[in-house]
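J.: Here's the letter readout for the chains.
There are 4 protein chains.
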Amino acid sequence: MIPRYSRPEMAEIWSPESRFRIWFEIEAHACDAMAELGVIPKEAAAAIWERGAFEVERIDEIERETKHDVIAFLTNVAEHVGPEARFLHQGMTSSDVLDTCLAVQLMRAADLLLADMDRLLAALKSRAFEFKDTLCVGRSHGIHAEPTTFGLKLAGHYAAFARNRARLEAARTEIATCAISGAVGTFANIDPFVENYVAEKLGLTPEPVSTQVIPRDRHAAFFATLGIIASSIENLATEIRHLQRTEVREAEEYFSPGQKGSSAMPHKRNPVLTENLTGLARMVRSAVVPAMENVALWHERDISHSSVERMIGPDATVTLDFALNRLAGVMEKLLVYPDQMQRNLDRLGGLVNSQRVLLALTQAGVSREDAYSLVQRNAMKVWLEGRDFRKELESDPEVVLDAAALDTCFDPSYHTKRVDQIFERVFNVG
Amino acid sequence: MIPRYSRPEMAEIWSPESRFRIWFEIEAHACDAMAELGVIPKEAAAAIWERGAFEVERIDEIERETKHDVIAFLTNVAEHVGPEARFLHQGMTSSDVLDTCLAVQLMRAADLLLADMDRLLAALKSRAFEFKDTLCVGRSHGIHAEPTTFGLKLAGHYAAFARNRARLEAARTEIATCAISGAVGTFANIDPFVENYVAEKLGLTPEPVSTQVIPRDRHAAFFATLGIIASSIENLATEIRHLQRTEVREAEEYFSPGQKGSSAMPHKRNPVLTENLTGLARMVRSAVVPAMENVALWHERDISHSSVERMIGPDATVTLDFALNRLAGVMEKLLVYPDQMQRNLDRLGGLVNSQRVLLALTQAGVSREDAYSLVQRNAMKVWLEGRDFRKELESDPEVVLDAAALDTCFDPSYHTKRVDQIFERVFNVG
Amino acid sequence: MIPRYSRPEMAEIWSPESRFRIWFEIEAHACDAMAELGVIPKEAAAAIWERGAFEVERIDEIERETKHDVIAFLTNVAEHVGPEARFLHQGMTSSDVLDTCLAVQLMRAADLLLADMDRLLAALKSRAFEFKDTLCVGRSHGIHAEPTTFGLKLAGHYAAFARNRARLEAARTEIATCAISGAVGTFANIDPFVENYVAEKLGLTPEPVSTQVIPRDRHAAFFATLGIIASSIENLATEIRHLQRTEVREAEEYFSPGQKGSSAMPHKRNPVLTENLTGLARMVRSAVVPAMENVALWHERDISHSSVERMIGPDATVTLDFALNRLAGVMEKLLVYPDQMQRNLDRLGGLVNSQRVLLALTQAGVSREDAYSLVQRNAMKVWLEGRDFRKELESDPEVVLDAAALDTCFDPSYHTKRVDQIFERVFNVG
Amino acid sequence: MIPRYSRPEMAEIWSPESRFRIWFEIEAHACDAMAELGVIPKEAAAAIWERGAFEVERIDEIERETKHDVIAFLTNVAEHVGPEARFLHQGMTSSDVLDTCLAVQLMRAADLLLADMDRLLAALKSRAFEFKDTLCVGRSHGIHAEPTTFGLKLAGHYAAFARNRARLEAARTEIATCAISGAVGTFANIDPFVENYVAEKLGLTPEPVSTQVIPRDRHAAFFATLGIIASSIENLATEIRHLQRTEVREAEEYFSPGQKGSSAMPHKRNPVLTENLTGLARMVRSAVVPAMENVALWHERDISHSSVERMIGPDATVTLDFALNRLAGVMEKLLVYPDQMQRNLDRLGGLVNSQRVLLALTQAGVSREDAYSLVQRNAMKVWLEGRDFRKELESDPEVVLDAAALDTCFDPSYHTKRVDQIFERVFNVG
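Protein chains in written order, with my numbering: chain A, 1 to 430; chain B, 1 to 430; chain C, 1 to 430; chain D, 1 to 430.
Just so you know, the hints here were simulated from the structure itself, not pulled from any lab data.
Watch out, some of these pointers could steer you wrong.
[To be verified] Taking lysine-lysine pairs in the DSSO-like style, the calculated list, with each CA pair at most 30 Å apart, reads:
hint: 1; chain 1: C; residue 1: LYS67; chain 2: D; residue 2: LYS381
hint: 2; chain 1: A; residue 1: LYS67; chain 2: B; residue 2: LYS381
hint: 3; chain 1: D; residue 1: LYS201; chain 2: D; residue 2: LYS42
hint: 4; chain 1: C; residue 1: LYS333; chain 2: B; residue 2: LYS333
hint: 5; chain 1: D; residue 1: LYS67; chain 2: A; residue 2: LYS125
hint: 6; chain 1: C; residue 1: LYS333; chain 2: B; residue 2: LYS67
hint: 7; chain 1: B; residue 1: LYS391; chain 2: B; residue 2: LYS417
A quick note: this is a predicted structure, and the numbers were derived from the prediction, not measured.
So here's chain A without its partners, still in its complex pose (with noise of 0.2 Å):
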């Protein structure tokens, strides 16, 4: 989490002042569960929210001393409270805040970016109906193979953003849990009432079951969530660069007035956004391993998940924040050149035909075998020598294809006609 590649909302979330606020939350909200229980007096509970409050820098003061971050907060808190300060945390364990707390920061981090991919999914959306129909040449292993549109390589990729929003809701699911269990988890000082009460105040469920900590099968879960939407990025990324890279120039990213592209060449205009976001989806992938080596804590717990949640809690969810919006603002404001993509297209004299030659040639009753033959020798030729395919073809006696057999194959309407029931299975699901 660099300032950098921050958007502030996001890193709101994880401030000093924001992780001390939820703190407070949970304990008034827990107070207020205990008063009703008769556990501890109204008045006391009532107290707190009253004259509750806290200031970051006397807590890291008072934690320089006890070397204890949860008690210097809540030696601080009574020093404003007051005697009824006493009622605080009763029963309750560090963890049972700690891990509220990251749940509901996970949570609401969870719930920018699901803002932030309907921003994504809504670009992709509108630039895959503006080019639904744009001709381009579909491309395996870099090399042309037959034509596809523009608009659904967009939709490919919207159906991957739609996936990775729902498993971003499965996963915010996962992590938004509470546990006010105590020290070992057995609730023997506190009673599960506690824990169901500020749950439904945070908007959070119960964890069934904790030990001192929620179990960190959660957190993988989450940030593996984060590293495939990551992986996702990567992948629209790199589509873009490819498009735009000078033979291809099919696609570029907006160059803003006043830009400029290099220091020592100023011709250069270069897909640095979708550069950078391919750095950054490894960053956010970087999570991944360490939130899985997390889950093996030791017996009750160790606290050895904490110094890896307090940098990749902010840093990935920051970064992901930044990379979905960056990368929704490529694609809003993508320059596409559907001339250039047709003269791709053309580029190969015709040879993106040749299956569909070389499935006339089967059904005019060529053997599969050499069907394939006599299409790959003329097309070889075109590859190597530059020629046109369909000439190659009507000069080839072994070709049994007959000028109106010849024209079916090189219709490029022929590879758009399913185009629509395409988009129709993307964009009427979910």
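Based on the hints, put chains B, C and D in the right spot on chain A.
T.: Coordinates of chains B, C and D only, in the frame set by chain A:
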């Protein structure tokens, strides 16, 4: 995937025979669909089912020349079927076969893994109830904290694997899609009806939009799920390893007659199964990053994912299948020593009740801060000099608790009173 | 490690036969050393070399009962040697054999990999000199930047693999240690002389301090090195894939007669080898994290590293061996198209000289900022409208450069004048 | 890199001020070199040193418009220098500055880390000699094996960090290169003399062949080395955590007066520093894979590596610097309990001598197999029923060892006789 850590049923899914058999079924079902559409003769489709056959070695032989596995397969099948074989693979591309086959393999692998998890869940549940009320010490940071029960520990692991089971079911659904959409996913040469038909026959759902391939974020999600499950295995394995260490010895892996723990030291009984599981977990997890790196294929596909999947497909599923069964076996036969659990619980001279004393003091009107100092002061004498906690408290005039109050503080049943309630949460759900 | 991506010589290192043969040699050399010390009879040591033998299947059979591989091996050898076999393994522990064996295997694997790298380095050097002066465009961000030569590109990859070779030599030295120090590394039951003796016989150095095992940071360093090499493979593979893509086509993997690029599209010639290498690189890299996770063994050792190494030992070395040879083959036979390189170089209408014009203007007294704007202004017309850069400059009155000055700016030899000097740096060193 | 886990000196290396200062020095030294070559006026070079200055905020402001950091920096410097500023950056490209700056930063970071390691090595050496002869039990699989000494344990960790130090020195050399070779590495617009000149001034070596960038396999090797060091930290941290657990308590992290181990349980003294180190190790390691993914840049460079390095550059070095110092502190102040070590050593009733009995029996003529069974039979009674091993052996008629022989078997000094020799190996080397 090495024989040492393989079980035959899972390994069989990944055998060449299985793979080619699935390929054959995809092709033959596709022919049926095309025959129904009138694209190919019904007799041809019938002939393919009747005479269709293949030999692994012959396919390998042909592939050495063509350097293309699907073409080699089709050529070999054609040798058996005869002229009708030219109707095979009409308008399809290799990936239609390969990706749909991989979906079937991963789906079957998931089914075995789900069964494995059921066995493990059953073992965990049974042992959890067996030791529901067996007191043992709960430990945070490896240090004695407060009493819990051994059944509660197991209930926590049960809950983790129940979550993992749900994740795997979701991952299975994600991966179980069928793509028969042609060279770049446009269905130019094949009717979507074929895809739907084959999908239904194989228990898959049609992929809403494919390029040449099924998008790899699905596979990334699948392997990430395996990585999370592996991390939970590591978690439980680590618990057993800790419990078995000489100074703890609260539980032990079953040690069979004739087994030797060490070639040099005949006295040894080592937790080698759970140590092994720790290593296997690392291996399953190592598939996650490559699976994510596979997502960003170039344009409509490149083949970089293929070699990765040829390895992690078998490796991760076979290893996880083995690990889940090994862990189930460990848990089914685990030797548990309640007496030693009690001895360990008593080891700290009653300090495990320090929180209860702290709370009793605050309830009796002492400020939280003072109570903490008071308890810590007495606790440290026990900690450092091995004294008895209760006696220290009794002889400290500032500890304003009478004998009855102290009795309550040192009553172990206090810690188990919610166990039934937690069990209800864990085992009634899921 | 799957047959498809294995070469026999490397696979053989990891066969059960090889492993047991190395075990035997370790034990037998150790007996010689002990005989020299007078700890065991000289006749016993001689008998072991004479009658010592083993059968893989018999060992497996015994292991099924004892669940301990080294004991099973010793038992089987004893069946051949007779009573003198009781002098085998005196004061040694299984890890003495296993870890020293792994050192031998990794050392031998490193030797093969070093030879592989020599083949690759030779290919890169030869092709680099072949195309030392072959002009092509240099690209940053996928966008044409300035001219370079194809030989220079290859020289860069040569230098990377020369560095990798040096790293692998260092890693080989790191891994080539021998530990025969007994159950917890104290040499309580065995004289360090034995370790020194066996080390010398096997080409290893004695491990200065071992626990029960050779410390795993050595192995982590070894596998990390393999991961770096794999990343360099990916780098060169990515370059070839880019050069082969249809719109670029400056180079192509060799396409053998009879080869088929696609089952559906007979015109295809795909860079499948370098795509495959990209995937294999991901797999080799996936061994790095588990190898690092193996370092933190518990106390004097736990066995969690073992299953990891049983897999990544063969997998990473066999895959890298295969990949290095595949890459060497690709480079040896790479089809290179200098004409197409020149065509691509000309594609941007002379823009690749924009920096030279910028510098000429600043030399002529224009401020850097103004010069940049001036050049960018003209460049954008070329970029967007496909005009000729030189003509645009000539017709811009603010461009204060005469014909001679512009001639210099558009002279391609300007870019190649240091190539010999760079080659000298690269190929005279290392 | 978060304040909680940062030390100021390392963090300072990565501050904007430091970065821009290094940029300035690179540019100014390059001007000196160009002045020496006569390419620019000597007065210009002098003016740049004299009047050259920058303000971080002004640079940020300019970058918001130009979207290019190096251009923003140059523009700001030009505001101070005046007209001579047009001679800055002549024939250079941004990466010349950025990559050389990163090399300087990583080199300086390496220097701090080397000093950190020296502190840690000194602590380990001092404590190793302090406890050279302090008996404790060696454990394999967490199970008591045979006696060793606490000093020997520490000597092993010392050796690991000595290896790590050597690795880091090699990584420092790898990373400390200077590239000033222009837009695509051809030196077209700049004389290699400039690169040599700047390299020497900054303590770097010239990069033999660069593209636009310094090749990223160097950085991958650097971060991989940090990952290995982190893994060794985890290894030692894990040892301390184990030794401190309640049932073992052979050593403890220093617990300062006023420290609180738990907000709920006043009796707790937790190994939180070493648990924290375990988590920090995961984070440092998480930089390794992205650094390796950075190697395969496209053609002469893409910028995907940049965002990764902006994060892992500071994060991995700052975190490792913090971790090494924290670990050094832990080791310097570690509380060690030799009495408890002896108590634990005695805990298994003498079983830790089982191998010696086995060997004595084989020396007395019993076959290895029979001796093993004999010892195991007696050992299991001790193991399961808590008896005394020596007494069991004495009462077993098949154990053909007299009292003197048994005395030898149970003599602890037997296990420490090679300690001095091992210490000599470890501490005289390196």
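J.: Next step is simple, just say for each hint if it's right about the structure.
T.: We went through each hint and held it up to the structure:
1. C:LYS67 <-> D:LYS381: holds (21 Å)
2. A:LYS67 <-> B:LYS381: holds (21 Å)
3. D:LYS201 <-> D:LYS42: Holds. LYS201 (chain D) to LYS42 (chain D) sits at ~18 Å (cutoff 30 Å).
4. C:LYS333 <-> B:LYS333: violated (59 Å)
5. D:LYS67 <-> A:LYS125: Roughly 29 Å between the alpha carbons, so the hint for LYS67 (chain D) and LYS125 (chain A) holds.
6. C:LYS333 <-> B:LYS67: holds (17 Å)
7. B:LYS391 <-> B:LYS417: holds (26 Å)
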